[in-house]
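K.L.:
The residues making up each chain are set out below.
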Amino acid sequence: MNALPEVLAVVVVRDGALPSGADETVAEAGGAVLLTGTGTVRAAKELTAARATWTVESSHVVPGSLAATLAPLLDEVRVVLLPASPDGRDLAPRLAFTTGRPLHAGAVRCGTSTADLSRVDDAVELRVRFDGPVVVTLAPGVRGVGRPLAPPEPVEITAAPAEVLDVELVEVRDPEPETVELTEAGRILGGGAGLVRRGEDGAAVMRTLTAVAAWLGASAGATRVVTDAGWAGHDRQIGTTGVVVDPELYVAFGISGATQHTGGLGRPEHVVSINTDPSCPMTAMADLGIIADAPEVLRELDRRRRDA
Amino acid sequence: MPEVDAVVVGAGPAGSAAALELARAGRSVILLERGPFPGSKNVYGGVVYGRVLDEVLPEWWREVPVQRWVTRRSTMVLTDHQALTVDFRTEDWGSAPYNGMTTYRADFDSWLAGKAVEAGARLVTSTVATDVLREDGRVVGVRTDRPDGDIRARVVIAADGVNSFLAKQAGLLPGTDPEHQTLGVKETLSLPRGTIDERFQLSGDQGADFEVLGGTGEIAGGGFLYTNRDTVSVGVVLSLTGLAESGRRPEDVLADLKAHPAIAPYLRGAELKEYSAHLIPEGGYRSMPPLSTPGMLVTGDAAAMCLAAGIWLEGVNFALGSGLAAGRTAAEAVENGGGLEGYRQRLEGNFVLADHKRLQRAPGLVLSDRVQQQYPKVLCDFAQGVFTVGNPAPKPGLGKLFRDTAARHGVRLRQLAADAWTGLRTFG
Amino acid sequence: MRVAVAVSRSWQRVEVDPLTGALGSGHRGETPAEHAALEHALRLAERTGGQVHAITAGPADAEGGVRDALAAGAHRATRIDLDTPCEPHAVAHGGSAADALAAAAADADLVLCGDRSADGGTGATPAFLAAHLGAAQALGVLHLELDGDRLLAHRRLDRGAREVLRLPSPAVVSVEGGLRLRRASLPAVLAAQDAEIDVVPWTPAPPRGDVVSTRARRPRPRACPPPSGHSAHQRVLELTGALVDRTPPTVVGPLDAAEAADELLSYLERHGYRP
Ligand SMILES: Cc1cc2nc3c(=O)[nH]c(=O)nc-3n(C[C@H](O)[C@H](O)[C@H](O)COP(=O)(O)OP(=O)(O)OC[C@H]3O[C@@H](n4cnc5c(N)ncnc54)[C@H](O)[C@@H]3O)c2cc1C
Ligand SMILES: Cc1cc2nc3c(=O)[nH]c(=O)nc-3n(C[C@H](O)[C@H](O)[C@H](O)COP(=O)(O)OP(=O)(O)OC[C@H]3O[C@@H](n4cnc5c(N)ncnc54)[C@H](O)[C@@H]3O)c2cc1C
Ligand SMILES: Nc1ncnc2c1ncn2[C@@H]1O[C@H](COP(=O)(O)O)[C@@H](O)[C@H]1O
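Chains as they are written, first to last, in full-length UniProt numbering: chain H, 1 to 308; chain S, 1 to 428; chain G, 1 to 275.
No lab work stands behind these hints, which were simulated from the structure alone.
Glycine is no exception: its CB is placed at the ideal position from the N, C-alpha and C atoms.
It is possible that some hints are incorrect.
[To be verified] Computed far set for chain G versus chain H, every beta-carbon distance over 12 Å:
{"no.": "1", "residue": "Arg47"}
{"no.": "2", "residue": "Gly50"}
{"no.": "3", "residue": "Ala195"}
{"no.": "4", "residue": "Val199"}
{"no.": "5", "residue": "Pro204"}
{"no.": "6", "residue": "Asp210"}
[Stated by the list, open to error] The following label-pair restraints were derived from C-beta to C-beta distances:
{"no.": "7", "chain 1": "S", "residue 1": "Ala417", "chain 2": "G", "residue 2": "Pro254", "range": "52 to 60 Å"}
{"no.": "8", "chain 1": "G", "residue 1": "Asp81", "chain 2": "S", "residue 2": "Pro97", "range": "36 to 44 Å"}
{"no.": "9", "chain 1": "G", "residue 1": "Gly24", "chain 2": "S", "residue 2": "Phe88", "range": "50 to 58 Å"}
{"no.": "10", "chain 1": "S", "residue 1": "Gly114", "chain 2": "H", "residue 2": "Asp15", "range": "17 to 25 Å"}
{"no.": "11", "chain 1": "H", "residue 1": "Asp15", "chain 2": "S", "residue 2": "Arg229", "range": "36 to 44 Å"}
{"no.": "12", "chain 1": "S", "residue 1": "Leu272", "chain 2": "H", "residue 2": "Asp201", "range": "28 to 36 Å"}
{"no.": "13", "chain 1": "H", "residue 1": "Pro151", "chain 2": "S", "residue 2": "Arg268", "range": "48 to 56 Å"}
{"no.": "14", "chain 1": "S", "residue 1": "Arg268", "chain 2": "H", "residue 2": "Glu200", "range": "34 to 42 Å"}
{"no.": "15", "chain 1": "H", "residue 1": "Arg207", "chain 2": "S", "residue 2": "Gly423", "range": "55 to 63 Å"}
{"no.": "16", "chain 1": "G", "residue 1": "Glu259", "chain 2": "S", "residue 2": "Arg408", "range": "40 to 48 Å"}
{"no.": "17", "chain 1": "G", "residue 1": "Arg235", "chain 2": "H", "residue 2": "Ala159", "range": "41 to 49 Å"}
{"no.": "18", "chain 1": "H", "residue 1": "Arg198", "chain 2": "G", "residue 2": "Pro207", "range": "47 to 55 Å"}
{"no.": "19", "chain 1": "S", "residue 1": "Gly247", "chain 2": "H", "residue 2": "Gly186", "range": "57 to 65 Å"}
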């Protein structure tokens with residue numbers, strides 16, 4: 001059963017760890033997946049949506065060589081689907097180039113002859129039709145996975161590694177909690193307009209929030225009011241036009257809880273709102289509403305962090 | 001240090017017009033703009049009366065970035081639950097040479113600045129003028145926030161808008177003056193083009209311009225509602241002092257206007273795209289600063305040339321008119337080494353100061369308590385009285401009805417006559 | 001070191017009609033990430049005695065971007081004459097400028113790009129560019145440093161991990177925003193307005209007319225694992241989470257800062273977020 005199917009997920013793994021969106025991509029591809037990278041056989045056991053798994057182990061995770069190694073194997077595959085994780089986005093264009101296929105990046109749905117692409121900060125969905133072979137990347141988190149399947153026994157393919165000019169890995173560094181991309185953070189402290197007093201340096205306040213968050217093992221996020229004012233980077237904006245997060249714990253400092261903000265909040269199990277207004281939507285949806293002056297509370301927490 | 005004939009600060013309509021005129025006269029001119037492109041920071045309602053563009057470009061309407069041509073003007077008098085509307089429409093305004101157009105400032109300002117650049121002006125964006133340079137009591141250039149940012153110029157033109165920083169630095173504006181300024185806040189709302197056509201009874205590229213008297217609660221001011229291609233602009237203009245006294249937030253006042261039964265049906269289902277706020281110099285003729293000082297001219301909103309008087313809210317055309325005059329005066333002064341005194345005469349000689357002189361009493365009148373609070377109620381109640389069929393009671397005599405209505409709202413006929421007379425002298 | 005910087009002149013404000021999905025567009029310009037790329041390039045050139053070559057593929061008004069680069073200190077500028085109107089096809093297919101850019105960047109040791117262009121770009125251009133040039137690639141780089149005569153790039157991986165990569169030559173690197181571009185002096189801005197820009201004519205590949213529909217995005221339903229309860233009633237409860245234990249909502253206060261901090265920290269402790 002070496003023949004690869006028409007639609008195939010290609011997932012890059014590192015040290016046996018699957019990237020975000022791996023199972024969704026496999027599910028979208030109908031259960032057929034080729035794992036490549038390092039620790040592929042171990043990673044195969046972690047899959048919950050696979051019906052058939054192939055592995056191509058490599059010594060490094062570098063896009064140029066991986067693309068050149070995989071290209072000859074994919075001749076019969078019409079739709080090559082990768083998760084739009086950092087490694088997927090890295091490899092997909094190289095695979096497309098090497099195999100002479102078009103790339104449809106950032107899909108939210110992928111069929112056998114059409115794909116829906118999300119563009120302009122998720123504002124528009126474009127459907128493209130294809131009748132030849134393509135490479136598609138699927139945005140993580142768009143579809144979910146249904147009933148978990150027992151991982152099938154992987155079929156190992158040995159492919160001759162290709163020599164292509166690539167970067168050289170020096171080291172991999174573990175994430176620091178405060179820089180974990182918000183989307184993956186399990187705990188988030190959010191800062192809103194109420195956290196910054198008129199005339200105060202909002203950027204400094206957000207730095208304090210970040211420090212306090214790190215102390216609590218959390219990341220710092222913000223509302224659009226805060227990111228628009230330039231007090232935090234736009235990558236920190238949580239909401240429908242910012243990043244969509246899914247933490248377990250959300251602590252809102254001076255946030256009113258506009259739908260555009262909470263729409264990007266997922267379903268946190270624990271929500272705390274610190275606000276002077278007891279009836280604002282954020283406090284209404286909180287498990288614990290603390291009626292207090294958010295800037296002062298943050299300052300107090302920062303004092304305790306320093307003393308700790 | 002760069003040396004040029006003229007430096008123009010602010011690439012709004014006034015500044016671009018001035019730079020265009022200078023460049024056309026063959027003068028070297030730098031046009032400074034603090035935003036990343038002209039119009040990026042500019043806020044206004046949305047209607048430009050473009051006829052003055054005839055002086056800029058023949059058949060300007062063929063290329064100006066227009067949204068719709070205004071063919072319908074309504075003036076609405078609102079109380080909190082009533083509306084009396086005078087509605088006017090004409091096909092004449094729907095073809096060349098046109099009357100008013102709705103346009104987005106980002107498009108319009110970029111277009112006009114582009115004309116200046118085509119003529120040879122040098123536009124420098126993302127650059128703020130931070131001071132004027134002086135020698136012997138004369139303005140000789142500006143300082144900008146860039147490294148090595150001084151520019152020497154034989155004439156500096158301040159076209160930096162309301163509360164002109166430059167005019168203040170040059171000692172022409174005493175300071176901010178809340179009495180003579182209003183705050184304009186505006187929302188741009190999306191609606192499908194067809195829906196706009198239907199609700200405002202328009203077709204093709206026709207547009208509507210509604211001006212609102214009353215409707216701003218206890219705060220003196222007014223409102224407007226304009227149609228773009230697939231958005232509408234709705235806004236209020238509020239007296240700064242009134243706003244401060246009321247303790248309300250401008251966006252709440254706007255929300256109330258949007259919810260008014262006479263306005264809400266136009267906006268139903270619209271989605272908010274943009275909210276913006278900006279000051280408007282509203283003092284008119286009587287609050288204008290000196291228009292020049294040796295080495296410097298002041299133009300457009302910087303010189304308080306916006307005409308804001310109830311049924312009119314026109315600033316762009318006055319900015320264009322005064323900017324062209326400033327550019328021409330500066331070009332001549334550079335050419336024959338003369339002074340800048342001719343600027344005021346030029347403006348007196350055309351619509352810019354003529355209109356302002358004629359309407360100099362308008363701001364006081366329009367923002368007066370009677371016009372703001374009492375007259376709308378009198379008018380609306382009177383209309384309601386006329387149209388209410390109160391059978392079996394007989395119809396009232398209209399004269400008596402009016403007197404009674406006025407009296408009920410504490411308006412004395414003598415005052416009314418006096419205001420009417422002021423109004424006639426002002427607008428007549 | 002010869003460093004090329006690719007600055008796009010993409011649509012800054014693409015508007016999507018929420019009802020029809022029709023696209024509208026506002027002004028063109030560069031992104032903060034591209035400005036960061038330029039700043040990286042200028043710093044590297046200063047440190048290594050190298051040259052910076054600013055490249056854009058766009059219509060005539062795209063020259064604004066490379067002129068800004070010249071004003072900030074780039075040595076040379078090239079525009080590849082290529083227009084991408086704001087229409088569904090162009091928005092769907094990122095990376096289509098890569099072949100044009102490759103033609104101008106062929107002599108560079110290092111090409112720096114932004115991680116994403118403004119008009120809904122996907123960040124694919126730099127990877128395609130690397131493929132065209134036969135160069136190594138590092139995408140989404142947060143930090144660049146010189147280590148002897150080689151460059152080290154710190155790149156974002158999944159879940160906040162980072163990898164540190166040593167770059168060979170040639171290499172294409174895309175960087176995230178963050179590093180601020182230096183402010184050009186006024187004389188430099190004026191000089192850049194008159195500077196010579198090489199314009200390279202280009203015939204774009206014929207457009208693939210494969211976009212069949214455009215609409216405002218609506219999230220698709222998410223699959224979730226089926227409930228395991230025995231009766232239908234139980235499964236419904238499971239799906240809706242109706243009877244799941246929840247912390248009862250509490251509102252406390254007004255509290256002063258110290259009390260509020262105590263309240264918050266003890267809540268975190270109760271729920272196992274703190275030791
Ligand atoms: C099309 C569109 C898209 C949008 N997308 C997003 C998005 O993706 N993300 C997003 O966040 N927003 C988004 N917004 C904006 C959103 O509607 C809200 O305006 C924004 O979320 C409000 O942010 P905020 O809670 O920080 O500010 P505000 O709404 O101003 O709330 C401030 C809160 O702080 C409280 N407060 C004030 N002083 C104190 C104090 N001293 N101590 C404690 N509390 C205090 C106030 O009671 C209030 O509840 C979008 C808007 C539009 C129109
Ligand atoms: C809500 C509202 C509605 C309005 N509606 C209308 C209407 O419907 N029709 C109409 O005709 N008028 C209207 N106006 C008035 C009109 O907007 C102004 O009168 C007009 O814009 C004046 O043009 P200007 O060129 O003098 O100033 P502005 O348009 O204000 O331009 C000034 C320029 O200078 C720049 N600048 C400022 N300071 C500096 C500096 N230090 N260095 C460099 N650059 C600087 C600014 O960025 C700006 O581009 C309205 C105004 C408001 C606020
Ligand atoms: N037309 C272009 N001209 C110059 N650089 C470009 C162009 N398109 C993309 N790039 C570069 O590639 C990066 C990623 O773009 P994109 O793939 O469109 O998201 C941008 O930040 C630019 O550095």
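K.L.:
Now, for every hint given, state plainly whether the structure supports it.
P.N.:
We went through each hint and held it up to the structure:
1. Arg47: holds, 20 Å
2. Gly50: holds, 20 Å
3. Ala195: Given a closest Cβ separation of 31 Å, the condition holds.
4. Val199: holds, 27 Å
5. Pro204: holds, 15 Å
6. Asp210: Non-interface label on aspartate 210(G) violated, nearest chain H Cβ at 5 Å vs cutoff 12 Å.
7. Ala417(S) / Pro254(G): 52 to 60 Å: holds, 57 Å
8. Asp81(G) / Pro97(S): 36 to 44 Å: holds, 37 Å
9. Gly24(G) / Phe88(S): 50 to 58 Å: violated, 31 Å
10. Gly114(S) / Asp15(H): 17 to 25 Å: violated, 56 Å
11. Asp15(H) / Arg229(S): 36 to 44 Å: Violated - the Cβ-Cβ distance for aspartate 15(H) and arginine 229(S), about 55 Å, lies outside 36 to 44 Å.
12. Leu272(S) / Asp201(H): 28 to 36 Å: holds, 29 Å
13. Pro151(H) / Arg268(S): 48 to 56 Å: holds, 54 Å
14. Arg268(S) / Glu200(H): 34 to 42 Å: Hint holds: Cβ distance 40 Å, inside 34 to 42 Å.
15. Arg207(H) / Gly423(S): 55 to 63 Å: At roughly 58 Å between Cβ atoms, glycine 423(S) and arginine 207(H) fall inside 55 to 63 Å, so the hint holds.
16. Glu259(G) / Arg408(S): 40 to 48 Å: Taking Cβ atoms as reference, glutamate 259(G) and arginine 408(S) lie about 56 Å apart, which means the hint is violated.
17. Arg235(G) / Ala159(H): 41 to 49 Å: holds, 45 Å
18. Arg198(H) / Pro207(G): 47 to 55 Å: Since the Cβ atoms of arginine 198(H) and proline 207(G) sit about 51 Å apart, the hinted range of 47 to 55 Å holds.
19. Gly247(S) / Gly186(H): 57 to 65 Å: violated, 43 Å
Violated hints, in rising order: 6, 9, 10, 11, 16 and 19; the structure is consistent with all others.
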